[in-house]
Amino acid sequence: DTGVSQDPRHKITKRGQNVTFRCDPISEHNRLYWYRQTLGQGPEFLTYFQNEAQLEKSRLLSDRFSAERPKGSFSTLEIQRTEQGDSAMYLCASSLDGRGVNTEAFFGQGTRLTVV
Amino acid sequence: AQSVTQLDSHVSVSEGTPVLLRCNYSSSYSPSLFWYVQHPNKGLQLLLKYTSAATLVKGINGFEAEFKKSETSFHLTKPSAHMSDAAEYFCVVSDWRGNDMRFGAGTRLTVKP
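Those sequence lines, one after another, are chains A and B. 113 is the number that our numbering gives to position 113 of the first sequence; each next residue is one higher, with no gaps. 73 is the number that our numbering gives to position 73 of the second sequence; each next residue is one higher, with no gaps.
Hints may contain errors.
Unchecked claim - Calculated lysine to any residue pairs in the SDA-like style (CA-CA distance at most 20 Å, straight line):
no.: 1; chain 1: A; residue 1: Lys-57; chain 2: B; residue 2: Pro-18
no.: 2; chain 1: A; residue 1: Lys-14; chain 2: A; residue 2: Phe-106
no.: 3; chain 1: A; residue 1: Lys-14; chain 2: A; residue 2: Glu-78
no.: 4; chain 1: B; residue 1: Lys-69; chain 2: B; residue 2: Met-83
no.: 5; chain 1: A; residue 1: Lys-57; chain 2: B; residue 2: Asp-100
no.: 6; chain 1: B; residue 1: Lys-42; chain 2: A; residue 2: Gly-3
no.: 7; chain 1: B; residue 1: Lys-42; chain 2: A; residue 2: Pro-8
no.: 8; chain 1: B; residue 1: Lys-42; chain 2: A; residue 2: Lys-57
no.: 9; chain 1: B; residue 1: Lys-42; chain 2: A; residue 2: Ser-73
no.: 10; chain 1: B; residue 1: Lys-42; chain 2: A; residue 2: Phe-21
no.: 11; chain 1: A; residue 1: Lys-11; chain 2: A; residue 2: Lys-57
no.: 12; chain 1: A; residue 1: Lys-57; chain 2: B; residue 2: Ala-1
no.: 13; chain 1: B; residue 1: Lys-58; chain 2: A; residue 2: Glu-78
no.: 14; chain 1: B; residue 1: Lys-42; chain 2: A; residue 2: Lys-14
no.: 15; chain 1: A; residue 1: Lys-11; chain 2: B; residue 2: Asn-41
no.: 16; chain 1: B; residue 1: Lys-42; chain 2: A; residue 2: Ser-87
no.: 17; chain 1: B; residue 1: Lys-42; chain 2: B; residue 2: Asp-100
no.: 18; chain 1: B; residue 1: Lys-42; chain 2: A; residue 2: Leu-39
no.: 19; chain 1: B; residue 1: Lys-42; chain 2: A; residue 2: Ser-5
no.: 20; chain 1: B; residue 1: Lys-42; chain 2: A; residue 2: Gln-84
What the hints assert, rightly or not - Among the chain A residues that face chain B by a calculated CB cut under 7 Å, a handful are:
no.: 21; residue: Asp-7
no.: 22; residue: Pro-8
no.: 23; residue: Ser-87
no.: 24; residue: Ala-88
no.: 25; residue: Phe-107
Stated by the list, open to error - Partial pick of chain B residues on the chain A-facing surface, computed with a CB cut under 8 Å:
no.: 26; residue: Val-11
no.: 27; residue: Pro-40
no.: 28; residue: Leu-46
no.: 29; residue: Lys-49
no.: 30; residue: Tyr-50
no.: 31; residue: Phe-103
Since the hints were made in silico from the structure, they are not lab data. Since we're looking at a predicted model, the values are computed, not measured. Glycine residues also receive a C-beta, built at the ideal position from the N, C-alpha and C atoms.
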């Protein structure tokens, strides 16, 4: 499978616990995005990497959230001290650099987080 | 900054009738525009994209969209709806390099037999 892979697919955690999600982008895609989607809403931008550099962070990304992309390959999104409001689907996407026409993002299946 | 407004949260059509899902965008730059579809419990799938080439863009499954700069619109159409088209549809805008991708709130398409 050469698509975007996210792990785990589902995570149930108790309030206050830390969680970490992993995203493996399509090979050679130099951009990687994280989005959050709550029920009935469109995906909301969280952060974006160009290779290993984190270029933009949304105001939605409080200091409890941190994302990394060491070596410009896979990425992790960590949420510390989870709150019930963090319950959502966390989506990862990857794309090629937009100098040409390859600007569309390919999405993974997402990680559904439930904080109880 | 970019943003999109999907004008209808829910559209219901009968099978075999035309589909129109409306999207207006706002962009400080020459935008790239996309339509994605999300079926229940499935990932987001790209339907079509506009990146400053032809203004009428054809996508998968018979969908197409027309970029109208004067109206800042990028409406999605299909001549004849199929039951399998029932899903959530998202209009997305980014700058021409694909930066700053912003999603609309989505339009839920229901197809009646």
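Task: Unmet hints by their number, sorted upward, for this structure - done: 1, 2, 4, 8, 9, 11, 13, 14, 17, 20, 21, 22, 23, 24, 26, 27 and 30
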